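Colleague: Model the placement of chain B on the given structure of chain A, informed by the hints.
So the chains spell out like this:
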Amino acid sequence: MEIKAPVAPGADEVRRRTFPFPRRHFLSIADLDPPQAVELLDLAEGFVSLNRERAKKLDLLKGRTLINLFFEASTRTQSSFELAGKRLGADVVNMSPRASSVTKGETLIDTATTLNAMQPDILVIRHEASGAASLLSQKVSCSVVNAGDGRHEHPSQALLDALSMRRAFGHVDGLTVAICGDILHSRVARSNVALLTMLGARVRLVGPPTLLPIGVERWGIEVCGDLKSGLAGADVVMMLRLQSERMQGAFVPSSREYFHLWGLDRAKLAAAAKGVKVMHPGPMNRGVEIDSDIADDPAISLIQDQVEMGVAVRMAILASLAARLDNR
Amino acid sequence: MSERPIAFVGARLIDPESGYDGPGSLVTAGGLIADAVHGDGPPALNDDFRVVDCGGALLAPGLIDLRVKTGEPGAEPKETLESAARAAAAGGVTTVVVQPDTDPVIDDPSVVDFILRRARDIGLVHVYPAGAATKGLEGRAMAEIGLMAEAGCVYVTDVDAPIVDSRLMRRLLAYAGGLGILVAHRPADPWLMDGATATEGEFAARLGLIAGPAAAETIMLERDIALAALTGAPLLVDQVSTAGALASLARAKALGLPILATASINHLSFNELDIGDYRTFCKLIPPLRSEEDRLALIDALASGVVDIVVSAHAPAPPEDKRLPYDEAAPGSVGLETLLPALLTLWHEKRIPLARLIGAVTLAPAKAIGLAAGRLAKGAPADLVLVDIDAPRLIDAAALTSRSRNSAFDGRRLQGEVRMTIVDGRVAYELGVPKT
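From first to last, the protein sequence lines are chains A and B. So the first sequence is residues 0 to 327, counted in numbering that gives the first Met the number 0. So the second sequence is residues 0 to 434, counted in numbering that gives the first Met the number 0.
Source of the hints: derived by calculation from the structure; they are not laboratory data. Please note that the accuracy of each hint is not assured.
[Stated by the list, open to error] Cβ pair distances, simulated, as ranges:
#: 1; chain 1: A; residue 1: R265; chain 2: B; residue 2: D273; range: 46 to 54 Å
#: 2; chain 1: B; residue 1: A246; chain 2: A; residue 2: Q137; range: 51 to 59 Å
#: 3; chain 1: A; residue 1: E127; chain 2: B; residue 2: G409; range: 26 to 34 Å
#: 4; chain 1: A; residue 1: G224; chain 2: B; residue 2: P257; range: 39 to 47 Å
#: 5; chain 1: B; residue 1: R166; chain 2: A; residue 2: E127; range: 34 to 42 Å
#: 6; chain 1: A; residue 1: R255; chain 2: B; residue 2: E318; range: 52 to 60 Å
#: 7; chain 1: B; residue 1: S302; chain 2: A; residue 2: D264; range: 54 to 62 Å
#: 8; chain 1: A; residue 1: G232; chain 2: B; residue 2: G409; range: 44 to 52 Å
#: 9; chain 1: A; residue 1: T74; chain 2: B; residue 2: E318; range: 31 to 39 Å
#: 10; chain 1: B; residue 1: L294; chain 2: A; residue 2: R265; range: 51 to 59 Å
#: 11; chain 1: A; residue 1: K138; chain 2: B; residue 2: A246; range: 41 to 49 Å
All figures in this text were calculated on a predicted structure; none of them were measured in a lab. Quick reminder that beta carbons are idealized off the backbone N, C-alpha and C, glycines included.
Here chain A stands alone, though its shape is the one from the complex (with noise of 0.2 Å):
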């Protein structure tokens, strides 16, 4: 007798929403017009009520093989891929550098295309090097997606607080975001910024001035220099982690006068909108850019629904790319 895998209720409508990826490679939010950035949030959507079931397996990306390759050490991208893989039926490998060849000498672009002669369909990469997935995209067969890249992008990131935002207020054009803290270090400020200014959000960046991009005022965006008036009337309040790892020499005088200044605690949060929404992309540092009080509050805090979008905005970007693998 043939035993039928249960179908998860909802499976024909997101298989119905799938759409092939435009383009090969998800190296960066650029590679998304926004009718495109919509449809992937709207696939995304679908999936998170899949998650939400006891069964929650889908066959799109049966027989096909994603290997998550992180060279920076990831818990929440790196079980996020993997469970959005395995989720979608594809086999799943995690490559770590440090139990591997990487170590001994071989170099990205080496253990890339020996990893490529695999036949994988998705390769998931996180590089501390800027740079590192548009590299590796250009020397494998297979479709390369961007979990973070240095300081540059990390656009998953960017589409799952998207969507985040989108379920807490219906809409993310016309949001005030402002995103706060260590600008500088950050790819997923990078990513956020492009991707929300392209879905209409006004967005914010505020930190002290040496954590801010040199430039950063041509992005089209608003800088603000203190905390107090740059949280003024924002909707959202995107906290970023001081990346003390990516710090070349001290940018501020210590964590203690940080979080006086520029850390989030309820008093500064009075000066947002009331409705406010707090976010942040994880690991926090409590104490230094966030309050616990605040980042454990229900109520006005998204963190955790940022960890579940990131399954399933991760799971719409799987799926898409690999309709497009099979359109080919």
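Modeller: Chain B only, in chain A's frame:
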């Protein structure tokens, strides 16, 4: 070794010393220029001469490149003195000055001697070493400058590493100046440039590259100018690249300080946008600058604020370049593209031809005290014959250099070397394979 003398007839002669730019012919004898005849009249010839009909092609002094890195000794897979010499000959470069950042470092007269002996054995083009300014290029103690100069080094430099200690730099200038030795220094504030691989600005910020401000160059150059004034010693400013530093340089020169400056052909030809999608061939030291800086550099070369153009030849093999931008080795090879890239600036009507040619011949010759760089009777017969209009599509894979990391890969340039003559001998001839 007696070589058959050569007679170049029907050439366009360009001589930066006399300023002559016009039709003429030139004959060599015994490794020297026997005569340079201006005008259309043919020189007196006999059967001994090999006669080269130039057909109006440009005959100029061979190029003198003050900033060439090789991998010999220590990193021969990158480039040997021989492969660099071949690349130079193919590019019309008849004299190269190799940089001391080899392994071992050229900070000792015995290594100077080694380079000169190898160059003699190869015999293709003139090769002179620059000595390290400080022991081990560490920026802590003066190297044996006097002994190295006696052995034959032509100037001293710490190459890419700025000499941070101002007291050491002052003593270096005073000491070397007293011995008549030129000190070259690349101005860059090391703290502002810590970890930087690009010039600070909107573009680098978008790419997420670690960047340093253009002002880092001005800050260090102002110090160097003050020390040159304090000591009265000559200074060669290595690879000035920003508009701010050029303004400082122009002021210092107006005061009559004995300062010379070089610009690299890369910074005259490219701007930061050429990094594009993280092209590692355009990762350079100093990093590529804004278009405003590039245009200011061209103006400075035209006006004489910049004296000399160098190739900044820096070979790097694929394993050092096929890496993420942050991790890739800096530098571009340049010996074979220096002349066509310069001629392209002329074709774009940015700088007069005589000024461009002077910046790679007479000016560097004077800086290090060579008799070459001129088309005068009795000068060394170091020459290049070049078709200045010939279009070229640069294909890095077709370069002679052992490393093919050319920032000019895929670029369209104008100018093709037909013949390179060193000491009256043919070092390179287009279409003639070298045995």
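Colleague: For the range 52 to 60 Å, tell me whether the beta carbons of A/R255 and B/E318 fit it or not.
Modeller: violated (45 Å)
Colleague: Using the beta carbons of A/E127 and B/G409, state whether their distance is inside 26 to 34 Å or not.
Modeller: At 29 Å between Cβs, range holds.
Colleague: Do the Cβ positions of B/S302 and A/D264 conform to the proposed distance bound of 54 to 62 Å?
Modeller: Given range 54 to 62 Å: holds, Cβ gap about 58 Å.
Colleague: Look at the Cβ atoms of A/G224 and B/P257 and judge whether their distance stays inside 39 to 47 Å.
Modeller: holds (46 Å)
Colleague: Could you check the hint for me, namely that B/R166 and A/E127 are 34 to 42 Å apart, CB to CB?
Modeller: holds (38 Å)
Colleague: Go ahead and decide if the range 41 to 49 Å is satisfied by the Cβ distance of A/K138 to B/A246.
Modeller: holds (43 Å)
Colleague: Does the beta carbon distance between A/G232 and B/G409 stay inside 44 to 52 Å, or does it fall outside?
Modeller: holds (49 Å)
Colleague: For the range 46 to 54 Å, tell me whether the beta carbons of A/R265 and B/D273 fit it or not.
Modeller: At roughly 49 Å between Cβ atoms, B/D273 and A/R265 fall inside 46 to 54 Å, so the hint holds.
Colleague: Is 31 to 39 Å a correct range for the gap between the Cβ atoms of A/T74 and B/E318?
Modeller: With a Cβ separation near 33 Å, A/T74 and B/E318 satisfy 31 to 39 Å, so the hint holds.
Colleague: Between B/L294 and A/R265, does the C-beta distance stay in 51 to 59 Å?
Modeller: Given a distance of about 53 Å, which is inside 51 to 59 Å, the answer is holds.
Colleague: Does the hinted range 51 to 59 Å hold for B/A246 and A/Q137 at CB?
Modeller: Between B/A246 and A/Q137, where Cβ atoms are some 40 Å apart, the hint is violated.
Violated hints, in rising order: 2 and 6; the structure is consistent with all others.
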